[in-house]
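Chains as they are written, first to last, in the working numbering: chain V, 32 to 215; chain W, 32 to 215.
Quick caveat, the hints were computed from the structure, so don't treat them as lab data.
Hints may be right or wrong, so weigh each one.
Which copy is meant is left open, so a pair is good if it fits within one copy or across any two.
[Claimed, not checked] Cut-off 25 Å, straight-line C-alpha distance, at most; resulting in silico cross-link-like pairs (DSS-like, lysine-lysine):
#, residue 1, residue 2
1, K177, K208
2, K208, K188
3, K188, K138
4, K37, K208
5, K213, K37
6, K138, K197
7, K188, K177
8, K138, K177
9, K118, K177
10, K208, K138
11, K138, K213
12, K37, K177
13, K213, K118
There are 2 protein chains.
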Amino acid sequence: MTRSEKRDFPVEEARHFLEPGPVVLISSHCDGASNIMTLGWHSILAFAPSLVNCMISSGNHSFEMIRRTGECVINLPTLDLADIVSKVGNCTGSEVDKFAEFGLTAKPAEIVYAPLIDECHACFECRVYDDAMVNNYNYFIFEIVKAHVAGDPEHPKTIHYMGDGKFMVAGDVIDRKEFFTKVN
Amino acid sequence: MTRSEKRDFPVEEARHFLEPGPVVLISSHCDGASNIMTLGWHSILAFAPSLVNCMISSGNHSFEMIRRTGECVINLPTLDLADIVSKVGNCTGSEVDKFAEFGLTAKPAEIVYAPLIDECHACFECRVYDDAMVNNYNYFIFEIVKAHVAGDPEHPKTIHYMGDGKFMVAGDVIDRKEFFTKVN
């Protein structure tokens with residue numbers, strides 16, 4: 032699969048990709064091993080600092096890796112990766128080296144130890160910003176500290192989990208700026 | 032605009048509509064007045080109880096209405112409402128009666144005092160479940176206590192905010208159930 036080269040991207044604009052609600056792949060690294068999980072339960076919380084929250088169920092192998100290191104990368108997969116996204120979400124890092132199993136490329140990040148998944152359209156390096164909700168809700172608030180985004184396409188075909196093994200694929204983009212008093 | 036009649040719907044399946052990340056309209060009612068705001072920053076947090084969290088900036092007129100009453104309705108608009116969704120998000124309930132201004136129909140809910148927006152595909156009645164994050168992050172955790180969903184279409188053309196006045200419209204639905212060990 033070809034993917035246009037990723038460029039540095041303003042962290043406060045990461046929301047343009049995450050706010051529409053795509054499934055993401057969370058990569059982590061702990062004790063010499065890397066792992067990946069599929070996640071649909073996240074939302075933007077602030078522009079600057081660039082905060083995003085993720086509900087990472089404690090049953091996931093990634094949970095302790097992220098809690099202990101306080102780091103992860105949020106990677107944005109597209110339609111061409113739908114099979115892999117599904118498979119990644121249906122096996123556990125305690126049994127499978129998911130990078131090897133699914134032929135994904137772990138690329139060193141710049142700030143965190145967790146790897147970027149090179150096949151994804153965008154990769155957002157994250158550090159835990161607030162863990163106050165982790166015990167009660169498995170809820171992490173991350174700060175995106177570095178963003179890498181492919182130069183094109185401008186509107187990647189992200190996939191949005193609907194439950195029951197189905198995904199909605201990103202469709203047309205419409206512009207309603209004319210009705211906005213302040214655009215952000 | 033015609034909209035098929037809404038039916039009762041299992042609250043724990045509300046996520047099928049919210050998890051893909053659509054913009055929603057939040058309706059509230061306090062001191063005899065109803066209001067509506069547009070919101071894109073939400074995510075599912077649990078199946079049962081059916082929990083969803085919403086970042087409602089304290090600058091919104093709806094914020095105090097929801098904080099004081101502990102109630103709201105999350106309404107799911109579709110493409111035909113994109114202009115209204117934009118306009119609702121660009122004026123304030125302190126100056127405008129948004130139901131009247133935009134010709135929306137406030138229908139009584141069953142459990143909460145906040146009204147359903149009848150023109151929307153689905154309406155989820157919510158009560159505040161945990162307000163521990165409201166002071167720090169304007170972050171409400173709601174329990175969906177009653178769900179109303181139109182019988183068709185099965186896959187409504189939801190709109191997903193991207194920033195800059197643009198929305199992604201829900202596209203095709205793909206099925207990858209074959210790769211799921213446990214479907215939910």
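Here's how the hints hold up against the structure:
1. K177 <-> K208: neither (28 Å within a copy, 34 Å between copies)
2. K208 <-> K188: both (22 Å within a copy, 19 Å between copies)
3. K188 <-> K138: Only inside one copy: K188 and K138 sit 22 Å apart there, 36 Å across copies, limit 25 Å.
4. K37 <-> K208: neither (28 Å within a copy, 31 Å between copies)
5. K213 <-> K37: neither (30 Å within a copy, 34 Å between copies)
6. K138 <-> K197: neither (29 Å within a copy, 32 Å between copies)
7. K188 <-> K177: Answer is within: at 22 Å inside a copy they meet the 25 Å cutoff, but 33 Å across does not.
8. K138 <-> K177: Within one copy, since 14 Å is at most 25 Å while 45 Å is not.
9. K118 <-> K177: Result: close neither inside a copy nor across copies, 27 Å intra and 33 Å inter.
10. K208 <-> K138: neither (37 Å within a copy, 29 Å between copies)
11. K138 <-> K213: Neither: 38 Å inside a copy, 30 Å across copies.
12. K37 <-> K177: within (12 Å within a copy, 44 Å between copies)
13. K213 <-> K118: between (41 Å within a copy, 11 Å between copies)
Hints 1, 4, 5, 6, 9, 10, 11 from the list above are not met by this structure, while the remaining hints are.
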